[in-house]
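Take these sequences, add in the hints, and give me the full structure.
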Amino acid sequence: MGRSLSLAAQRRRFRVAAPAAVLTVGLFAVLLQPGFSASFREGASALGLMAAGTTTGVSVWLRARWSTGRRRRGWLWLLAAAVCAVLGNVWAAIAGYDPVTDPSLVSDLSVSLALALSIVGLLTFPTARRRGRNLTIMVLDGIVGGSAVLIMASVLVYDELLASVDQVFGPEFFSLLIPFLDVALVTFGLFLVLRSRGESRPALALVALGFLLYAIADLSFAVRVAQGTFTWGDFPDLGWIAGYLLIAVASWYPAGDEDEEVEDAHTAADARDTLLVFSVVGVAGIVQIFFSGGEEMQRAQEVLWLTLAVATGARQVLLTADNAQLRRGLERRVAEQTADLRRLARRTETLLTSVGDGIYGVDARGRITSMNPSGARALGYTPEALLGQPAHELFHAPGVDGVPFPYEGCYIAEAIASGTVTSAEEDVYVCADGAEFPVEITASPLVDDDVVTGAVVVFRDVTQRREVDRMKNEFLSVVSHELRTPLTSIRGSLGLLAGGQLGELSPRATSMARIALESSERLTRLINDILDLERIESGARPMELAVIDARALVEAATAELDAMARGADVRLEVGDTAGTVLADRDRIVQTLINLLNNAIKFSSAGGRVVVDAQPRDGGTVLFRVHDEGRGIPADQIGTIFDRFHQVDSSDARQKGGTGLGLAISRGIVDRHGGRIWAESEPGRSTTVQFTLPAPHRSRLAGEAVPADAPTILVCDDEPAVVGTLSAMLAQHGYRPVGVGDGDEAIARATAERPAAVLLDLRMSGTSGAEVLAELRRGERTRNIPVVVVSGLAPESDPELSPQADGWLVKPVTEGQLVQAVEVALAGRLSESAVLLVEDDEDLAEVISALLHAHGLRVDHATTAASAIETGRAVRPQVIVLDLHLPDDDGSAVVAAFRRDPALAATPLVVYSAADVEVERRASLELGPTVFLTKGRTAPEDLEQRVLGLLDAVTGRPAEARVPTSPTTTSTTTTGTTTTTTSRTASDTIPKEER
27 MGRSLSLAAQ RRRFRVAAPA AVLTVGLFAV LLQPGFSASF REGASALGLM AAGTTTGVSV
87 WLRARWSTGR RRRGWLWLLA AAVCAVLGNV WAAIAGYDPV TDPSLVSDLS VSLALALSIV
147 GLLTFPTARR RGRNLTIMVL DGIVGGSAVL IMASVLVYDE LLASVDQVFG PEFFSLLIPF
207 LDVALVTFGL FLVLRSRGES RPALALVALG FLLYAIADLS FAVRVAQGTF TWGDFPDLGW
267 IAGYLLIAVA SWYPAGDEDE EVEDAHTAAD ARDTLLVFSV VGVAGIVQIF FSGGEEMQRA
327 QEVLWLTLAV ATGARQVLLT ADNAQLRRGL ERRVAEQTAD LRRLARRTET LLTSVGDGIY
387 GVDARGRITS MNPSGARALG YTPEALLGQP AHELFHAPGV DGVPFPYEGC YIAEAIASGT
447 VTSAEEDVYV CADGAEFPVE ITASPLVDDD VVTGAVVVFR DVTQRREVDR MKNEFLSVVS
507 HELRTPLTSI RGSLGLLAGG QLGELSPRAT SMARIALESS ERLTRLINDI LDLERIESGA
567 RPMELAVIDA RALVEAATAE LDAMARGADV RLEVGDTAGT VLADRDRIVQ TLINLLNNAI
627 KFSSAGGRVV VDAQPRDGGT VLFRVHDEGR GIPADQIGTI FDRFHQVDSS DARQKGGTGL
687 GLAISRGIVD RHGGRIWAES EPGRSTTVQF TLPAPHRSRL AGEAVPADAP TILVCDDEPA
747 VVGTLSAMLA QHGYRPVGVG DGDEAIARAT AERPAAVLLD LRMSGTSGAE VLAELRRGER
807 TRNIPVVVVS GLAPESDPEL SPQADGWLVK PVTEGQLVQA VEVALAGRLS ESAVLLVEDD
867 EDLAEVISAL LHAHGLRVDH ATTAASAIET GRAVRPQVIV LDLHLPDDDG SAVVAAFRRD
927 PALAATPLVV YSAADVEVER RASLELGPTV FLTKGRTAPE DLEQRVLGLL DAVTGRPAEA
987 RVPTSPTTTS TTTTGTTTTT TSRTASDTIP KEER
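Numbering (our numbering) for the sequence shown: 27 to 1020.
Just so you know, the hints here were simulated from the structure itself, not pulled from any lab data.
Taking CB as the label site, the calculated pair distances span:
#1 Asp743 to Asp913: 50 to 58 Å
#2 Ala773 to Pro965: 36 to 44 Å
#3 His910 to Arg496: 49 to 57 Å
#4 Val477 to Val456: 30 to 38 Å
#5 Leu370 to Glu410: 16 to 24 Å
#6 Asp668 to Ala589: 27 to 35 Å
#7 Leu869 to Asp495: 42 to 50 Å
Since this is a predicted model, take the numbers as computed values, not measurements.
The beta carbon of each residue, even a glycine, is placed where N, CA and C say it ideally should be.
Shown next as structure tokens:
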């Protein structure tokens, strides 16, 4: 098998071959004009036949070498036909036979065999695969068409030819056989062209046209020989030359590698073919009746009509059987599919009926089209009574002031209008009896052929969850107020007893008193830790931020634990410490004490614990606590910051502690906008590290705010407060926008989507609480960080404080304000997701590690289909896209996201192996789009581009970037399988920073 040519090379050669063939035919059309002498025309005809035949043979041979599969076999059959015809003509020339006066039997046999081989070659070309009846019907079509055409030819032009034939199977048999094969070949070519598909069709059409011209020349030759008027060099000889050259041109037609087409079950019964067959038979009958001159049919015509009738009858019998079998198969498939649909409908109905959550669908106007029984029961209706009712107006509760919420802002309207998916949003529904209950909803658009036809909403009654939250708050209140007081008394009393201040106790009583005292102290620590953790995670514990020297924090923590270290025979050392941080002193000292306490407890006697702090690039300070203890097993390094986690279950008894210290430390560091993680070598050492943001550099007087500075919306009804806060923010590189009432704040936030909002709670008109609630409901504003600046403490409103990203109590210092904004923006970044679409697993792992180092979530997809599904599910802030994917081009991902309003403006980095053409880039753009080439852009440069786009999205200054979190999560999606791999920060932090 030869080497296949590329499509580009085939196109170039075809563009040369086709014009050359046209020019050659035109040249010989001129040379065969009657104006030239007979000998000149005879020589020109011989030259043309020789050149055209040689060109065709060479072209077909080359095409056979370059082709594969069935195409190669088809061209090989045509090559065999050409060789057979050439050998016959060469034999006749060598033996001295004259094809007119003394035809050669060998030559006639070779020509007949060549025509038969050509028919086989046409049948071998790749078309829709045919077997059994289909192939038989196609052969019968050729017989019917050939017989009909021969009948018409016999009546119109073969009178002399047929009259000269006394016996069909006599010496002049080939005079009838060769024209019949010519017509049959043309007929087969016609039917094959009609039934072919795809790349084979143009080449097959050129071959069929070539055989048509060749057959016309053959028929003309036969008629003129019978009439005794044939001479070489007449104009009809041009049919042979043109026929040869068309077949040669067909061999140069470009086509890709062999791809056999699937069988078309309807090919045999195609109405077009049936109409064509009977049209040919009808025309043949009309010609026989009206153009035969009333003479009786000759023997050959009788044979042709008998052949035609038998072939037509057989064809119709096969068609009838084929159609009956097809009908039975279709009826069986319809019955099976109907049964499957019924089973699927019953299963779906059972699922909807059995599920405990409410599920309802609406049409494009927001009217209910279906409601499952659980949902109708929760609302106090029957499912039938809800059909056709407007969902929003019927059971969506109004606002606290009794005014209904506008339909345009409802999640149902957003799903229908823009295809927005709303997840885990809280709402309040109204029952049929007027009672209200809280729900958590998920709303998704119903999409049919890329057209949103409605929406489906799933809702869950969260009354019990609210009650659990209330009970938990009450319990914490009881723990805080009702348990601490008696515990303090118990602890003090036990201390007096154990110390002998109330009289001497027996040794056994002293031991029991000491055990009770230690247990009470442990219980007190547990209560304190639980309360601290709950307040930290709920945001109810305010932070007093100030610029503090890192060494002061380290020295304060080590001073607290110096006695404990000496008692455990552990050296507590302060390493190189430098830098300043903007932090709550007490909370950070508490964090360091927790870490040092663990390090000392799990160090062996004579060991060493080192604590240090150093500034890092990106505007942070890195604190490290290193011990030489037993270490942490690799399978637990990612869970040590979980609540009540102990590496060894016996630690709580032997070492003391509640298992909450590291969880509290993580909560404190997270609230400061930092990250905490651990690295360990089991059996040798452990290092726990955390970062805190350094104070933001103040702007110089008169220095202009950059055009791309993050916008902070300042909302307070007192102009003096707005002016003061705005001046503070401008000094630290932010662009403040002041508003004086809540309605304007909502409008500006929705339109401009600022990086953060500073919000006063007590304002005339729309209150700050209402503004915050509205911002959290809005699709465009729900992720904007909101920092409350109020005269009230967060404990005053326990339901509102968890919704805020920060809480400052007036009066506010400049340091407190800037730190709160930076923490809010950093928290927003920590929730940022990057969709990485890359099928190279090794490169994807490198890029993921680089992005994990900045605390980013990376969702990895390896195919276009999984990328589209993942993108719609996670709504990433930035997309990194490789264009060459296993199942489709990356442009399909861009096209799908362009149709999704929630993703159409997402920043995009096209990171592909080849340069993207300038003219193609416009079709690959989403939001801000960057085009990078893998060979010229290192993953580290890609990392900076992604971070720059994230800075623009989140409004975070570039110098305030925060490094890695302790545990990052990378989600990889392949096809429809999703796997989650947890990485600790030790996997992603550069060695020199560990």
